[in-house]
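With these hints in hand, go ahead and build the complete structure from the sequences.
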Amino acid sequence: MIYLRIFVFSLLTSLFISCATNIKNHGYIPSKSELDTLVIGKDNKESVSKKIGLPATAGLEGSFYYVRSTFNAPGFRSAQLIDRRVVLLSFDKRNFLRNIETFSVDKKTVVRLDYRVTETGLENKNILQQIIGSISGPSASSLGL
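Numbering (our numbering) for the sequence shown: 588 to 732.
Take the hints with a grain of salt, since some may be wrong.
[What the hints assert, rightly or not] Lysine to any residue pairs mimicking SDA-like chemistry, simulated, CA-CA at most 25 Å apart:
{"hint": "1", "residue 1": "Lys611", "residue 2": "Arg671"}
{"hint": "2", "residue 1": "Lys632", "residue 2": "Leu622"}
{"hint": "3", "residue 1": "Lys632", "residue 2": "Glu648"}
{"hint": "4", "residue 1": "Lys637", "residue 2": "Ile616"}
{"hint": "5", "residue 1": "Lys680", "residue 2": "Lys611"}
{"hint": "6", "residue 1": "Lys629", "residue 2": "Leu641"}
{"hint": "7", "residue 1": "Lys637", "residue 2": "Lys680"}
{"hint": "8", "residue 1": "Lys619", "residue 2": "Ile593"}
{"hint": "9", "residue 1": "Lys680", "residue 2": "Thr644"}
{"hint": "10", "residue 1": "Lys680", "residue 2": "Asn631"}
{"hint": "11", "residue 1": "Lys629", "residue 2": "Thr608"}
{"hint": "12", "residue 1": "Lys619", "residue 2": "Ala645"}
For the record, the hints were derived by calculation from the structure and aren't laboratory data.
Next comes the structure, spelled out in structure tokens:
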């Protein structure tokens, strides 16, 4: 009888443990206080990497991308994306900091959370703008029709 109780207890315990939610964070983004230490137009790539660390990836024209994703992995089911944040630091031709942008992905829609810029217009589209711009597909005028 005692073996049956131990077996039932072990079975119930493993059943409850397997249904527990497991939150996983992947990647790194600098905190708001770390971003506040950066000075647009004065900090360069070297000083930025010393202050907040090297990015996960670099984009067009040497832009820095910091990406963090949060996943919920409940039990045996596949992990689901809870939140993804992207911090984009872009630099001018002299490698001085030009823009600091923060993005969040919510239901596959990119939402700009924070934007700091010293210039009135951007010279080139960043990688996120190119991806979003290409979703609608080419227009007849862009194909020369």
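Status of each hint after checking the structure:
The straight-line distance between the Cα atoms of Lys611 and Arg671 is roughly 12 Å, inside the 25 Å bound, and the hint therefore holds. Distance restraint check for Lys632 and Leu622: the Cα-Cα separation of roughly 14 Å lies within the 25 Å cut-off, and the hinted pair is therefore satisfied. The straight-line distance between the Cα atoms of Lys632 and Glu648 is roughly 12 Å, inside the 25 Å bound, and the hint therefore holds. Using a Cα cut-off of 25 Å, the hinted pair Lys637 and Ile616 holds, with the two alpha carbons roughly 14 Å apart.
For the suggested pair Lys680 and Lys611, the alpha carbons sit about 37 Å apart, so the restraint of at most 25 Å is broken. Only pairs whose Cα atoms come within 25 Å are accepted, and Lys629 paired with Leu641 is accepted, the gap being roughly 18 Å. The hinted pair formed by Lys637 and Lys680 meets the criterion: a straight-line CA distance of about 20 Å does not exceed 25 Å. Of the pairs offered as hints, the one joining Lys619 and Ile593 is violated, with about 51 Å between alpha carbons and a cut-off of 25 Å exceeded.
For the proposed pair Lys680 and Thr644, the alpha carbon gap of about 19 Å is at most 25 Å, so the pair holds. Annotation: proposed proximity of Lys680 to Asn631 holds, straight-line Cα distance about 11 Å (limit 25 Å). With a CA separation close to 44 Å, the supplied pair Lys629 and Thr608 exceeds the 25 Å bound. Restraint check for Lys619 and Ala645: satisfied, since their Cα atoms lie roughly 20 Å apart, inside the 25 Å limit.
In terms of the numbered hints stated before, the structure departs from hints 5, 8, 11, listed from lowest to highest.
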